[in-house]
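Single-letter residue listing:
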Amino acid sequence: MPRYAIVSLLTLLLAMASCSKRQSATERAAQEGVLLLGNGEEPSSLDPHIATSVAEAHILYSLFEGLVSPDPDNPNDIAPGVASSWIYSPEEKSYRFTLRPDARWSDGSPVTADDFKRSVQRALDPKFATAYPEMFFDIRNAKDYYLGKIDSFESVGLKALSDHQLEIALGNLAPNFLNKLKHFAWLPAPIRTLESLGDWKSRSTRWTTPQTMVSNGPFILETWSPSSVIEVKRNASYWDDQNVLLNKIRFFPYENAQLESRAFRSKQLHATDKIPVEELGDPLDEEAGQRFDPFLATSYLIFNTSSPQLANLEFRKALALAIDKESLVANINRSGRAASSFTPAGLASYTPPVSSQYEPNEARRVFEKTFPDGSAAPKLTFTVSNIPASRAIAEAIQSMWSETLGLEIELLNMEAKSLFSSLTAGDFEVSYLLWSGDYEDPVSFLGLWSSRNSANRARWENASFDNLLENAAAENDPSARLDLLSRAESILLEQTPIVPLIWRTKNFYLDSSVTNWPPALLDMRSYKRVGLLTQ
Amino acid sequence: MLRFIFNRLLQAIPTIWVIITLTFFLIMNAPGNPFSQEREMREETRQQLMEHYGLDKPLLVQYWTYLKRLASFDLGPSFKQEGRSINEIIAQGFPVSLELGLLALGVALLVGVPAGVIAAARQNTILDYLPMSGAMIGICMPTFVIGPILGLVFGVWLGWFNVAGWFSWEDRVLPAFTLGLAYAAYIARLTRAGMLETLGLDYIRTARAKGLREKTVVLKHALRGGIIPVISYLGPAMAGLISGSFVVETVFQVPGLGRYFIDGALNRDYFMILGTTIFYATLIVGANLLVDIAHTLLDPKLRKA
Chain Y
0 MPRYAIVSLL TLLLAMASCS KRQSATERAA QEGVLLLGNG EEPSSLDPHI ATSVAEAHIL
60 YSLFEGLVSP DPDNPNDIAP GVASSWIYSP EEKSYRFTLR PDARWSDGSP VTADDFKRSV
120 QRALDPKFAT AYPEMFFDIR NAKDYYLGKI DSFESVGLKA LSDHQLEIAL GNLAPNFLNK
180 LKHFAWLPAP IRTLESLGDW KSRSTRWTTP QTMVSNGPFI LETWSPSSVI EVKRNASYWD
240 DQNVLLNKIR FFPYENAQLE SRAFRSKQLH ATDKIPVEEL GDPLDEEAGQ RFDPFLATSY
300 LIFNTSSPQL ANLEFRKALA LAIDKESLVA NINRSGRAAS SFTPAGLASY TPPVSSQYEP
360 NEARRVFEKT FPDGSAAPKL TFTVSNIPAS RAIAEAIQSM WSETLGLEIE LLNMEAKSLF
420 SSLTAGDFEV SYLLWSGDYE DPVSFLGLWS SRNSANRARW ENASFDNLLE NAAAENDPSA
480 RLDLLSRAES ILLEQTPIVP LIWRTKNFYL DSSVTNWPPA LLDMRSYKRV GLLTQ
Chain X
0 MLRFIFNRLL QAIPTIWVII TLTFFLIMNA PGNPFSQERE MREETRQQLM EHYGLDKPLL
60 VQYWTYLKRL ASFDLGPSFK QEGRSINEII AQGFPVSLEL GLLALGVALL VGVPAGVIAA
120 ARQNTILDYL PMSGAMIGIC MPTFVIGPIL GLVFGVWLGW FNVAGWFSWE DRVLPAFTLG
180 LAYAAYIARL TRAGMLETLG LDYIRTARAK GLREKTVVLK HALRGGIIPV ISYLGPAMAG
240 LISGSFVVET VFQVPGLGRY FIDGALNRDY FMILGTTIFY ATLIVGANLL VDIAHTLLDP
300 KLRKA
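From first to last, the protein sequence lines are chains Y and X.
Going by numbering that gives the first Met the number 0, the residue at position 420 of the first sequence is 419; the numbering climbs one at a time, nothing skipped.
Going by numbering that gives the first Met the number 0, the residue at position 7 of the second sequence is 6; the numbering climbs one at a time, nothing skipped.
Simulated from the structure, these hints should not be mistaken for laboratory data.
Ideal Cβ placement from N, Cα and C applies to all residues, glycine included.
Mixed in with the good hints there might be a few duds.
Said to hold, decoys possible - Coverage of chain X stretches by chain Y, computed from C-beta distances (three or more under 8 angstroms per stretch; other residues unrestricted):
id	region
1	82 to 94
2	147 to 157
3	162 to 175
4	179 to 190
5	263 to 273
Unchecked claim - With a straight-line Cα cutoff of 20 angstroms, these simulated SDA-like cross-link-like pairs (lysine to any residue) come out:
id	chain 1	residue 1	chain 2	residue 2
6	Y	K126	X	P33
7	Y	K232	Y	K247
8	Y	K116	Y	E194
9	X	K56	X	N28
10	X	K214	X	Y232
11	Y	K200	X	K214
12	Y	K126	X	Q46
13	Y	K200	X	T44
14	X	K79	Y	P225
15	X	K79	Y	E194
16	Y	K92	Y	N171
17	Y	K368	Y	A310
18	Y	K116	Y	D76
19	Y	K126	X	H51
20	X	K79	Y	E254
21	Y	K126	X	L54
22	Y	K247	Y	Q210
23	Y	K200	X	H51
24	Y	K142	X	Q46
25	Y	K142	X	R41
26	Y	K126	X	K79
27	X	K79	Y	W223
28	Y	K148	X	E50
29	Y	K142	X	R45
Unchecked claim - Far from chain X, some chain Y residues (derived; all Cβ distances over 10 angstroms):
id	residue
30	E41
31	E133
32	I149
33	Q210
34	P282
35	Q289
36	K316
37	V353
38	S355
39	P387
40	L422
Turn these sequences into a full structure, and let the hints steer you where they fit.
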């Protein structure tokens with residue numbers, strides 16, 4: 000090689016080496032009061048009545064404030080939001096909320112009771128197709144309005160008594176109503192802005208661009224560059240702005256967990272949304288700042304109880320008893336806890352019943368009793384999503400069933416959309432799914448298995464279970480109510496339309512410079528008190 | 000000539016129509032729908048959404064509505080990116096993919112051609128074996144392996160570049176190299192082969208016999224002939240680079256069009272799949288047309304055909 004080539008190569012290498020470590024992005028951002036967050040995926044919408052995903056919810060809680068909000072110090076609790084106080088009248092089954100007179104939209108106009116009323120009206124409009132209508136169904140007549148059975152919204156139990164007084168009349172007792180009120184479906188939309196842009200009740204009216212968006216939370220939308228970054232900056236019109244610590248938050252839609260982890264290690268992010276499974280339990284990675292927070296989500300096995308083979312309760316029980324959940328947690332999921340109920344532990348004052356655990360001998364006994372002639376044992380198809388984590392669980396269960404029961408299991412990998420539509424159509428035998436709660440109450444889990452719920456993909460019907468849920472909904476005394484729910488859950492576990500497998504944890508990396516990032520059971524928080532330490 | 004172009008344009012229309020029609024009926028009949036998800040949607044909500052997007056109508060009516068829309072260059076809305084139109088998404092994503100593709104092509108040429116020339120000029124020496132083994136590895140290693148490795152080494156360990164994002168010029172380096180290296184490897188092999196062939200020709204012997212310096216012989220006389228296979232490869236390479244950058248866009252979080260193309264299919268985002276397919280198809284049909292026109296201009300024999 001000619002000499003000059005070698006010389007120029009060396010120069011290039013030297014030049015590259017000289018631009019060695021720069022000040023990291025996280026350090027620079029911390030000095031400017033900017034929080035850099037990995038946020039899972041690109042949001043579909045920043046309209047609180049259209050949004051469905053947790054990634055969207057993260058951003059929405061920075062932009063909007065509901066009547067109540069997640070407590071900044073403990074997001075599982077309820078803190079006053081736009082409503083500074085409220086009174087509940089048990090006789091009338093109604094709440095009266097007093098709104099802060101100093102609550103403002105980012106355009107300076109006051110946040111009024113009418114804004115909340117019309118936000119609900121917008122979401123429940125039968126043409127709007129909101130994602131979480133059931134968050135409003137406790138309101139008197141709300142469900143009928145949503146189903147188009149009544150035309151006038153005036154008969155729905157929602158009244159703006161004055162600019163700052165909102166009355167919500169409930170159709171039933173709804174002891175978990177305030178928890179639902181914390182859900183992002185209840186965040187208000189800027190109705191006057193919507194009216195100026197078009198039809199305020201249409202989901203096509205475009206108001207969530209940085210140019211048009213008006214919000215009432217601690218932050219306002221500054222930039223939205225799709226697949227790249229969403230930036231929110233502090234909202235000077237926010238009533239509690241003097242207590243907000245951050246100047247900006249940047250949400251990065253990193254779907255790929257490995258990419259996100261690299262970004263965290265190269266100090267491009269203060270916190271990630273997840274941890275790649277191969278980095279779980281590695282001591283070196285743990286030192287980098289891994290957190291495993293309690294989380295209201297359960298992975299479970301679902302049986303199609305309307306399929307001829309799985310209609311047999313004893314067979315389902317044998318299958319459940321043959322699953323070593325501890326091994327699934329330790330070897331495959333590498334985080335979380337073996338689930339002993341569908342509702343995860345961790346909810347205040349609710350103690351879920353305990354399901355039977357791994358008992359291979361008992362499993363064999365039940366199985367042989369059901370199929371005394373071993374050759375008659377059916378062949379099952381296990382339909383599972385083609386994402387590696389789900390496939391690994393399914394393969395492990397396949398081998399447990401084949402070792403313990405000698406069952407032949409066919410694994411059918413499906414791409415997500417095909418899988419979910421097969422499940423909806425009832426075209427499956429066994430599958431593996433995840434359920435995460437919408438609010439901190441067992442009903443957010445148990446309600447899924449009511450025979451009247453169209454989302455009950457197990458097609459399981461049990462009259463006593465349904466009755467207990469209904470009785471619980473009508474029960475005044477909180478502890479008696481939880482007792483009824485616990486009895487309902489016992490039936491669910493005993494009848495085994497599903498097998499709860501793993502109580503998930505929220506796994507993420509968090510930089511040590513981030514302050515006040517408390518665990519949140521629903522992974523939704525207020526960013527008001529989140530701060531950053533600078534060196 | 001004008002008539003030739005006009006004829007070719009007329010031929011392009013049915014081609015694109017066939018693509019539209021096939022794509023439309025294939026995706027509409029694919030299992031799953033845009034609204035099937037892990038958390039089952041209420042039946043009423045699903046109905047409302049179908050109505051909102053006009054998916055409740057008979058398939059032929061939807062097809063006709065879509066064609067009418069296309070006639071006014073409207074590619075429809077996205078279901079997944081609620082509120083954004085496909086036109087907008089292409090307008091934002093394509094320039095990014097194009098820039099990434101061009102930069103990668105630059106890397107491919109700057110690395111590939113010199114490596115090929117050196118290998119040919121020093122055939123069967125270490126300077127031949129080294130770049131050619133490197134090229135073999137480059138061809139074999141997929142971008143989803145090279146990308147994370149480059150990110151780990153230059154982003155996490157050395158801290159020279161960001162591992163994700165598309166904000167400053169530095170953010171272009173790793174994605175462009177990742178995407179460019181595989182093509183560089185192929186170009187190096189093409190250059191080497193072309194050069195070896197040319198170097199054996201009579202006029203090179205003449206040049207050497209005239210006493211020209213080896214450098215002049217290789218770079219001035221041989222390279223001109225040796226590079227021809229590379230030039231004819233540039234067309235397909237460019238098409239691959241701008242449409243096939245999906246993996247690199249995911250590995251480095253580049254907001255290009257490639258991701259929308261793939262995600263559209265996974266999400267059953269019907270208009271997204273249709274829009275991006277039609278866009279790429281038109282692009283390729285257009286590029287072929289340009290190539291044909293160029294050939295016609297260069298070769299008078301073709302003009303009469």
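Hint-by-hint comparison with the structure:
1. 82 to 94: The restraint on the region 82 to 94 of chain X holds, since 5 of its residues have a Cβ under 8 angstroms from chain Y and three suffice.
2. 147 to 157: Since three or more residues must qualify, the claim that chain Y covers the region 147 to 157 of chain X holds, with 6 doing so at under 8 angstroms.
3. 162 to 175: Per the Cβ count (5), the hint holds.
4. 179 to 190: violated (count 0)
5. 263 to 273: holds (count 3)
6. K126(Y) - P33(X): 18 angstroms, holds
7. K232(Y) - K247(Y): The hint holds at about 4 angstroms.
8. K116(Y) - E194(Y): 15 angstroms, holds
9. K56(X) - N28(X): Holds, because 14 angstroms separates the two Cα atoms, which is no more than 20 angstroms.
10. K214(X) - Y232(X): 26 angstroms, violated
11. K200(Y) - K214(X): 74 angstroms, violated
12. K126(Y) - Q46(X): 9 angstroms, holds
13. K200(Y) - T44(X): 15 angstroms, holds
14. K79(X) - P225(Y): The given pair, whose Cα atoms are some 12 angstroms apart, holds under the 20 angstroms limit.
15. K79(X) - E194(Y): This hinted pair is violated, its Cα atoms lying about 25 angstroms apart.
16. K92(Y) - N171(Y): 7 angstroms, holds
17. K368(Y) - A310(Y): 16 angstroms, holds
18. K116(Y) - D76(Y): This hinted pair is violated, its Cα atoms lying about 24 angstroms apart.
19. K126(Y) - H51(X): 8 angstroms, holds
20. K79(X) - E254(Y): 15 angstroms, holds
21. K126(Y) - L54(X): Answer holds: K126(Y) to L54(X) is near 14 angstroms, not above 20 angstroms.
22. K247(Y) - Q210(Y): 17 angstroms, holds
23. K200(Y) - H51(X): 13 angstroms, holds
24. K142(Y) - Q46(X): Holds, at about 16 angstroms.
25. K142(Y) - R41(X): 13 angstroms, holds
26. K126(Y) - K79(X): 19 angstroms, holds
27. K79(X) - W223(Y): Between K79(X) and W223(Y) the Cα gap is close to 16 angstroms, so the pair holds against 20 angstroms.
28. K148(Y) - E50(X): Given that 20 angstroms is the threshold and the Cα spacing comes to 19 angstroms, the pair holds.
29. K142(Y) - R45(X): Satisfied, since the Cα-Cα distance of roughly 16 angstroms is no more than 20 angstroms.
30. E41: 7 angstroms, violated
31. E133: Violated, since 7 angstroms does not exceed 10 angstroms.
32. I149: 15 angstroms, holds
33. Q210: 13 angstroms, holds
34. P282: 18 angstroms, holds
35. Q289: About 16 angstroms separates Q289(Y) from the closest Cβ of chain X, which puts it past 10 angstroms; holds.
36. K316: 25 angstroms, holds
37. V353: The assertion about V353(Y) holds, with a minimum of 26 angstroms to chain X.
38. S355: 26 angstroms, holds
39. P387: 14 angstroms, holds
40. L422: 8 angstroms, violated
Checked against the numbered hints listed earlier, the structure breaks hints 4, 10, 11, 15, 18, 30, 31, 40; every other hint is satisfied.
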